[in-house]
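Engineer: Got chain A; can you put chain B on it based on the hints?
If you read the sequences in order, they're chains A and B.
For what it's worth, the numbering used here labels the leading residue of the first sequence as 1, then goes sequentially.
For what it's worth, the numbering used here labels the leading residue of the second sequence as 1, then goes sequentially.
Treat the hints with care, since some could be wrong.
Since the list can't tell identical chains apart, any single copy or any two copies may satisfy a pair.
[To be verified] Taking lysine to aspartate or glutamate pairs in the EDC-like style, the calculated list, with each CA pair at most 16 Å apart, reads: (1) Lys168 with Asp203; (2) Lys99 with Asp336; (3) Lys171 with Asp343; (4) Lys366 with Glu169; (5) Lys168 with Asp343.
Don't read these hints as lab results, they were simulated from the structure.
There are 2 protein chains.
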Amino acid sequence: MTQKEAIEYTINLARKATDNEIRPNPFVGAILVDQTGQIIGEGYHQKLGGTHAEVNAIEDALKKNKDLHETTLYVSLEPCSHFGKTPPCCDLIIQHGIKKVVIASLDPNPTVQSVEKLKQNNIEVEVMNDSEAISLNRRFFTQHLQQRPYFILKTASTIDGKIADRGKESKWISNEQSRQYVHTQLRANTDAILTSYKTIIQDKASLTIRMNNKPMIETNVIVIDKELSLLNEEFASLPIFYKRTNTKIYFISNKNRASSQSSGIDFIKGTFNEDGLIFTSVASSLLEKGLFTILTEGGNMINTSLIEQNFADELYWFIAPKILNDQHGISMIGKDKSISIQDTYNLDLIEINKIDQDVLLHYYFKSKHPH
Amino acid sequence: MTQKEAIEYTINLARKATDNEIRPNPFVGAILVDQTGQIIGEGYHQKLGGTHAEVNAIEDALKKNKDLHETTLYVSLEPCSHFGKTPPCCDLIIQHGIKKVVIASLDPNPTVQSVEKLKQNNIEVEVMNDSEAISLNRRFFTQHLQQRPYFILKTASTIDGKIADRGKESKWISNEQSRQYVHTQLRANTDAILTSYKTIIQDKASLTIRMNNKPMIETNVIVIDKELSLLNEEFASLPIFYKRTNTKIYFISNKNRASSQSSGIDFIKGTFNEDGLIFTSVASSLLEKGLFTILTEGGNMINTSLIEQNFADELYWFIAPKILNDQHGISMIGKDKSISIQDTYNLDLIEINKIDQDVLLHYYFKSKHPH
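Here chain A stands alone, though its shape is the one from the complex (with noise of 0.2 Å):
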């Protein structure tokens, strides 16, 4: 087993988790090799709060009653070496007397520092720099790194990338089965939805989790609304108000308003300017309020702002089979401001999902725009 293929055993052991059993931790797997280039133990962190992969796979090994020195254990990201939800893995690998810690990405996180403290316990270390060790946990190096929460746009257009005609009717661009993937992969996999409040009345959405046959799924609602219209008592019986138990909506404005006294809504105050939120304004209240990972659902706006603002992270784009060759029905993308071809986004492209006759591309968004 080459050092390549352990640390690919290790990415696939993390991605058996899912987002949802995880957030806002990362993915994380492990595995101890003995001398032959035998796996001995191996494991992945599978639950917010639960055990360390590291801590599964030294586990694993000791079941097998497996001596632990002279092993390596290759792990996709540093391991732990504060104490958070459970003690640092770092004391377990050298408490076991482990050889050799093969590192394939360093944490963001400053509090830890494992390399060093490996080291100095004579453990051998070798960090790499895996590109797919990185990549299993974007969302999490842009929390970390970024201070901001991580933005998935997702948009369906028709083929010449218009969301609604221009008397602002859209319904419904992207077939039933595309619709459904929206609540049950991207929905259902993050924290909140973004959208503003015009969307809102436009739509007269619930921003709901429906799936086939089951009950609903309430979501957080992150809603721009600098205004704070969506308050209007005009509104109060707009779908979007339903009873929650266990969801907010967020409405950021340029209004300082504490808590609502109804339990399901919340504030956050944002600076505003003639294109509309800066995000950066709110990056850290989003992630105080535990919103890590945000879906965008929004008009062109949101959209447009968020890529101008570096901080659109991936895309989800649903391309029905149709032409509205109308050059003014509304865009999902595109603001009035001059940029040069030589001067576009760049993403990388993931994935390519034929859902009956709906295409759905998904991109990340590469290393941010100079500009």
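Structural biologist: Below, chain B without anything else, positioned relative to chain A:
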């Protein structure tokens, strides 16, 4: 072998030919099946001017000394009944006493009247209306039923549907492999490239077929140029005016012009309105000049007009992993005319192709828009 399986077999045979080998003839495949369900002869139309599929199937059976009485002939398109480049297949079928003929799709050419003739000769005839057989010959059916060339739209855009920035700068949006695909798969399989004089000037385009390490191949070019601006002396050295040996530039203008002294230039008179060319005005001229299948590589206007005038038959859309994010970049499609989201042009998704980081989506336009 069911009837459906037999028809599918003939369609797969037909597809052994390339468009380039047979254009403007249709794709046709044929098999002879004996009473036990055994295929005793098969053939397809291989080459313009060459023998027809039925002839090849019958000859194949005769070579094996098979008795053709009591056999059924399955053919993907109605056999010919007139003397064209070859004698009528219909007569050959009668002459060999074939018992039954199953026709997957009727020939749209009114001079072809085989069904009656076969029946009069006591041959059992069954006519299907097989959608796959019809789709196989979309180009051929369009030419005959609509008396116009078949138009294949090609466009390469960013994710937000832009083919150039505000300054009309566009090189290059799609990647090298995508551009190779255009040369080897699209330009090489059509009779001409349709574009506008503006695109030729802007891109300094030569519109030839360039394949890796092979000599350049010429293509016919159709230029929409109402005022014949491109013939001004200042443009005489543009790459499009390379010395042609077996192709032409066809100028569509509103002027009456006889053929040029230069053998490489020809003229077609068209009718224009404020939106540009009215394509019906040039449909028969294009067919007369042998331009049956036309690939568009123009800017926004040609694609938009073809769609609006219901002349768009196919779309090859290359999507580069880039976002311009400027709503005033040049869009691939769209004019300033209000269209309701209920009245979109609808397409059939035919194929998805991943070309490195580009995505190629191939669509057929559906039966035409009611407007």
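Engineer: Against the earlier hints, flag every one the structure doesn't satisfy and list their numbers going up.
Structural biologist: 2 and 4
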